[in-house]
Structure formats: structure tokens, C-alpha cells
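> The residues making up each chain are set out below.
There are 2 protein chains.
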Amino acid sequence: NKDWILGVSMQVYMSENGALPRLGKVLTADTMNANVKKVDYAVRGPIVQRAVQIEKELKEGVKKPFEEVIKANIGDAHAMGQRPITFFRQVMALCTYPLLLDDNKFPEDVKNRARRILQSCGGNSIGAYTTSQGIDCVRHDVANYIQRRDGGIPSDPDNIYLTTGASDGIVTILKLLNTGEGRTRTGVMISIPQYPLYSASIAELGAVQVNYYLNEEKCWSLDISELQRSLQAAREHCNPSVLCIINPGNPTGQVQSRQCIEDVIQFAAKENLFLMADEVYQDNVYAEGCEFHSFKKVLFEMGPEYSSKVELASFHSTSKCYMGECGFRGGYMEVINMDPEVKAQLTKLVSVRLCPPAPGQALMDLVVNSPQPGEPSHQTFMKVALAEKAKLTEQILNTVPGISCNPVQGAMYSFPRITLPERSINEAKAKGQAPDMFYCMKLLEETGICLVPGSGFGQREGTYHFRMTILPPTDKLKTLLNKLKEFHQKFTQQYS
Amino acid sequence: NKDWILGVSMQVYMSENGALPRLGKVLTADTMNANVKKVDYAVRGPIVQRAVQIEKELKEGVKKPFEEVIKANIGDAHAMGQRPITFFRQVMALCTYPLLLDDNKFPEDVKNRARRILQSCGGNSIGAYTTSQGIDCVRHDVANYIQRRDGGIPSDPDNIYLTTGASDGIVTILKLLNTGEGRTRTGVMISIPQYPLYSASIAELGAVQVNYYLNEEKCWSLDISELQRSLQAAREHCNPSVLCIINPGNPTGQVQSRQCIEDVIQFAAKENLFLMADEVYQDNVYAEGCEFHSFKKVLFEMGPEYSSKVELASFHSTSKCYMGECGFRGGYMEVINMDPEVKAQLTKLVSVRLCPPAPGQALMDLVVNSPQPGEPSHQTFMKVALAEKAKLTEQILNTVPGISCNPVQGAMYSFPRITLPERSINEAKAKGQAPDMFYCMKLLEETGICLVPGSGFGQREGTYHFRMTILPPTDKLKTLLNKLKEFHQKFTQQYS
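Residue numbers (UniProt numbering), protein chains in the order written: chain A, 1 to 496; chain B, 1 to 496.
Errors might be hidden in some of the hints.
The list cannot tell twin chains apart, which means a pair is met if one copy fits it or any two copies do.
Said to hold, decoys possible - Once the Cα atoms are required to be at most 30 Å apart in a straight line, the calculated DSSO-like pairs of lysine-lysine come out as:
(1) K111 x K309
(2) K270 x K25
(3) K38 x K175
(4) K483 x K25
(5) K478 x K297
(6) K64 x K175
(7) K478 x K490
(8) K490 x K38
(9) K25 x K343
(10) K105 x K476
(11) K59 x K490
(12) K37 x K56
(13) K25 x K490
(14) K431 x K343
(15) K442 x K297
(16) K56 x K343
(17) K218 x K485
(18) K348 x K59
(19) K309 x K38
(20) K175 x K63
Just so you know, these hints were derived from the structure itself, not from any lab.
All of these numbers come straight from a predicted model, not from anything done at the bench.
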């Protein structure tokens, strides 16, 4: 082989010469994966990086017009001062250090739970790998939870996959669906505004993002006619085969009606779309008259014509709801009507990463199986209520001329619309910034409040928003809202 | 728009008609991502699935010629009966349930460690999201560890990324490097035999797997001439830009000499290859005369011509070495000479998954920062020695005619070569099975021993191997080896 000989002789030449060839780096912005460059993730973008810097500056004694940064950019309950739930943490401590099973400080039900989890771990240690799909008894408990939640509609533990947070499950399903080239490329329908995990993963996989717009005028509801419009337009240039729904909504905080979910399922069935239901806020519903309806339940209530056909993956997490245990990265997904061969492929695919974190799996178990009345830990088990904070946010923001905020029905965010003066829009554009990024950056610099600009989630052309979580403790939330009010008025004056 | 009108009228038609269109599933083996189908992960493949089934059958009382399944397929220390290290678990329990900080059962150094970790968590809770790159103080401790390990060569915490086990870091770096089409497609050079995470991730990403063979005759050493051959051959059809090394080796258990590492770095520099050093077994070196040399250290000792140029990513994990905490999914990577723009892209990419599990990060911190002499927990801190088991495995296996086992110098596996009778090879082929899969499956059915066939890792054409971990407790390991010996003799007779 000639090339091979050439290679060897080059090697000899170069080691005689002693110098290395003058080549640039292997991995540069030009040579790297172009899809990764397209990824954008606003929730942890430049605003947050600047917020972290400002925190450091404050620590170093730099004078600012505020004393602390309030990070309302992300739904991170514990970082906002919410206390972990005692029962969860006691069981987790016993799983971690089983000698505590002999300590009479811990209630019997806590010990029983810890024992049960440990017995299903290899070598009775939470430090062993679990099966890739997740610990058996946890998957059974998840299936039982779903069955109770959905009024007895059966759930099969074999359809449950434990995940590293919900994000992991969502990306895994998108991977399975991602195929084709050019006009046959998989199109993924996502709501605008959306949670940027979706746009980021679609970009990374090289799939096609297909936008459908939520109706801000009708409290961010989902119109089937808009789904139809979006789908038809997408079919001109790709193969839209997946429809993603976030309910309760992120960043928009709306809760979908049962009728709407039924319509969406009908649409998916008719148009042959795989449904992905992001239901991580299923326990965060506050508004009167609103109720959480799972896609699974509605699907099965629609009868066998639908329940035997529509392919659905639904996602949940330990990070949201009343527990807010983000750091543990626990989650699960349930797959319905998945082709058995594809399911085998899914099981194989998740096995490459060995297993989700065992502590996160254990925590997921406790979440779906919380202490019942009569158990010793039931009285220490308190769910945190966000209804009051949701109301407060809506009310204060709507007193500000130029801010208009839909009711926060669920999840843990508000996504208010802001009117920005023409001059601020021009100044932002001159700086190459999105106008709401310009607004949020100024807000951060002047008040220490860290929000995420609406442009990071998507919004109708010419409208501007921000996302803020309603998680801060009530007094801090009030301070935040009033500072925001003051800032908005000043900003409007300054640029009018 | 004509299509749009067509879409609406179809909808009307179908709802009048009442019936759903008869379409197949959206996601089928034919329509799914073809790259995922190519993924293969032997360590958790059909043998292991059968082993799990057999365990269930044993529980249900099915009679077998053995009483338990011994899973020597995976390096899972705790599942093999190794006890977790008290110090690690005490600190983790306190981080999980901070009320235990007031309990006088725990030594002061344990409490101090837990306090320090909690102080660097949002809201002082391990349930908060961490920064995406990982908790600040943990990254500092990792950098200090590397600096100590490498005789003072500096390590910058900004170059440390905490990960969800080492696998996560390896896949992330491969993602960045994955680009091009056809002849410009990224080629990834991996050793044969290899750890199948590499082949699986390469398949999933659609990159090109470029094999270089380790030299079994010289105790699985790495020859530069073989690297050269492999590279030149690959350049005919793709763009090989990455060289992956596993040291100490998995599945082969060899430890590379300092000279070999220097040669590899020289080769990478000359050929403009990005180096990925999988060093998760850095604390698992037993053989006399063998020593672990990190790629980072050797690179810097080679002088600025290399240390300022060669791009390197090195990986470590909480799952291996003496701690074996697989379930926590902790790990880190250090990137050296990475282009700053690419690093910014890397930071962005990892932010999409929010953060690695916080308990895994905390554990990584303890691993790199274990109790020192004089600290109260130092005496409870015992490292597990595998040297004896390594020797035992090699010795017993080499007494079996038809099995030949290289010395196990490091890691936690042996990869013995087996001679298979012609008739068994033919019978396997008739069944469409790899001959070593046929062998391992029979071994499992007859003895309950679960190993992984060499074909799952790659091997020279016409040679056969299996991988077994040396982790089982000594008495169980002896039983395993003697049963294996007996089985091999019987198998050889039966098929001769």
C-alpha cells in the first residue's frame, strides 16, 4: 500500500527534522459539530452568566444599587429557600448510610422505605449500578402511581423508564424519532413559547423545529387550527412526525382543558403524529376551575380506537411540583403503544449510559409513593402551596402600565408581555441584542433581578416578554415585583 | 395557500366520515433513527438479559444445576459485595439530611466536609441545581487533586467539567468532534478490544469507527506502527481526528508504560489528533513494576512544544477504583488546550442538561479529597486491594488447557483468550451467533456464571475471548474460576 509507505517515510522525515508540523488546533469553532453551535439555551445563557459575575463582584465588595441578586430565571425551589421535605431526606439518608437504620431517631415507615429500596439494589447498596431501565420496585411504584392518578387506567411497569431528570427522557425519545434528510427530515412540533430544552435538542440532533403558536389572548391556550396551519406549512419542507406539548405550560403557566387535550389527541391520531407530553408540573395547578388531566388518561377515555393506536411518551421529574429536588436528577417516562421492536431499541439505547443515578431513582420512588394518612411520617409531609404566589404575581404585574400578565394557572412561571418603547428597541438592535434581552440585562444591572428574556423561549414577532419563576419566598417575591414595577416605569420614561 | 386549504378540507372530510385513516405506527423499526439501530452494548446485552431471567426463574423455584447467578460481566463493586467506604457515606448522609450535623455520632471532619459542600449548594441544599459545569468548590478540589497526582503540574478549575459518570463526558466530547459527511466524516480511533461505550456512541453519532489493535502477544500493549497503519487506512475513507486511549485498559487490564504514552502523544501531535484519555482506572494498578502515568503529566513533561499544543480530554469517575460508587453517577473531565471558543460551546452544550447529579458531584469531591492522616476519619478509610484477585485469576485460568490469560496489571478485568473447538464454532455459526457468545451463553445456562463474550469488545478475526471482572469476593472468585475451568474442559471434550 503506497499511502502507508508514504506515512512511514513522512514520520521518519519529521523525526529527523525534529520539528512538529505547524498545524492549527484539531477542534475549533470552524471544525466542530455545526449542530452544537446552533444550540441555544436561554435559561442558562448570558443573563445568568452575568448574574453569577455580579454575585462575585458583590462578594468582593463592588458597590451596586442592590445588595443581592435574585435569580428568578429558573424553577429551582431549594435555591429559592424552599426547605426539602423531611420524609424524603430521611429515607435518602438511610439509603446512603444504612447504619442509621438502627437509630431510633427515625420513624418506622422511613426505615421500611429505605429497607425496601436497598433490598432492590445490587449488594443492597445504592452505590451499585441499577438495571438500565431503572430499579424494578421503583418502576412498579411509578406504574401504581399513574394508575391511581388516572382513575384506575392500567399502567405497565415495563412501559416505565427511569431517567436522569425529565430532560434525559425527552432527548432519548427525540433521538429515536430523528431520521431522514432534507424533505424527509424529522420535524418536531413545539409550542411557541417553549421550554428551550426542545429547541436546543432539536438543533443538536439536526432535526427540524416546527413552531406552533400558543394564543396569548386566550391565556396561552392551544388552538387546533394553529396546529393544522403549522403542520401543513412544515410538510412543505420536512416530515413532521412528533408533536410536543408542555402541560401545565412552561414558560407560560397555563393549564390545558380536558377538551383541548382530547382535540390534540384526535389531531395526532388523524395526522399520524407521535405525542410527547411533558407533564413535569402535574402537581403544580393552582387556579380555580383548573385541573390537571394527563394525556394518558384522556387517551384511554377516548376509547380503543385511540387508546390502542396513538403513540405517546409522557415525562415526569423529581425537580418540580412540591418537592423541587432538582439536584438529584430523578425522573421517569411512560411509553404507550410503542412498537415492541422500537422498545427493544430504546432499552438498548439507555443501557449504553448504564443507569440513571440511583439516588434520583430512590427519590422518584418516594415522590410517587408518599406517606399516607396513618403512617408516622404523614404529619411531617407538607406540600408547598404556590397558589398565593401565583395570584400575587399576576396582580402586582397587572398594575404596571406596559406589563400585561395572564393568570398563572399552573407550573411555576409567569410569562408577562412587556411593551417596550421604540427608542429602546432601536438601541437594542444597534447593539445586536434582542430588545427583551436588552431590557432584562438592564434590569439585572440596576436591580439585581435575574429573569430570562422571552426571546429565549420564542414569541410572536414584535411582541416582548420575560419569564420569571414565582418560587421566591413571599416577602422576597413582593420585593422583586415592586422593584420590577419601579424599574419598568423608569425604563419606559427613559426611552420615551 | 392551496395546501393549507387542502389540509382543512381533508380534516372536515375525515371528521364527517368519523373513521381514522388507517395508518401504521409513526415510530417503527423501519422509520426510526438508523444510527440507534447500529448501537451495540455487549456489557448489558443478551447474556445479561438472560442472566436476569435465570435469576427470576431461580426465585420462582425452577431447578438449575447451580444455586445463584454470578455476574462477572460488569465492574460493579458493590453488587459484588464490596462495602461502601464509611467516610464517603457519612458525609453524603449529612449532605442529604443536614439535621444529622447535630448528631455527635459523626466525626468532626465528616461534618466539616458536609458543611463545606452544602455551603456551595444553592439554598444550602443538595436538591438545588448546581452550575452546569459543576459545583465550584468541587471543581477546585478536583484541580488540586490532579495537581498533586501529577507532581505539581498546574490544573485550572476552569478546565474541569463535572459529569454524570465518565460516559457522559466521553459522549459530550465526541459530540463536539462529530462533523462532516462521507470522506470528511469524523473518524474516531479506538483500541480493539475496546470498551463498547465507544463503539456505541460512535454508531449513535454516525461517526466512523477506526480500529487499532492492541498486541495480545505483548500483554495488550499499544504499538505505534499499528496506530500508523490504522490511521493511514482510515484516511482513505474518512477524517480521523480523534484518538481514544483507555489506560489502565478495559477490557484488557493492561497498564501503559510512560514511554508508550510519550510515543502516543508524539503521534497525536504529528498527526494532528485530539486525544481522549479514559483514565477511570487510575487507582487500579496492581502488577509489580507497573505504575499509572497520566496523559496530562507526560504531556507536560514533554515540554512546551507539546504541552502548549496537543488537545487532550481526560476522564475520571466515582464508579471504579477502590470506591466503586457506580450508582451515584459521578465523574469529571479535564480539557487541555481546548480552543476557547470551543470551550464556550462545550459549556453551553452541557447547560442544556442543567447539571450532573449533585450527590455524584459531592461524592467526586470526597474521592479526590479523601481523609488525610491525622483527620478522625483516616482510620476508617480503607482502600480495597485487588492485587491478590488479579493474580489468582491469571494463575487459575492459565492452568486450563485452551485458556490463556495475560497478567492483569490494572483496572478490574481479565480478557483471556479461549481456544474453541471447530465443531462449536460451526454450531454457533449455524445458529447465527458469535462463537464466543455461544460459549458464554452455554456457560451461563450450565453454571450461572455471567461473562461478556469478546466479540462485544472487538478482537482479531479468528480469536475468541471473554471479559470477566475480578471483583467478586475471593472465595466466590475461586468458585467462579474453578467452575469455569471445569466447564471449559467439558465444553472442549463435548465439541471435539
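> Kindly indicate which numbered hints from before are broken by the structure, ordering the numbers from low to high.
1, 4, 5, 6, 8, 10, 13, 15, 20
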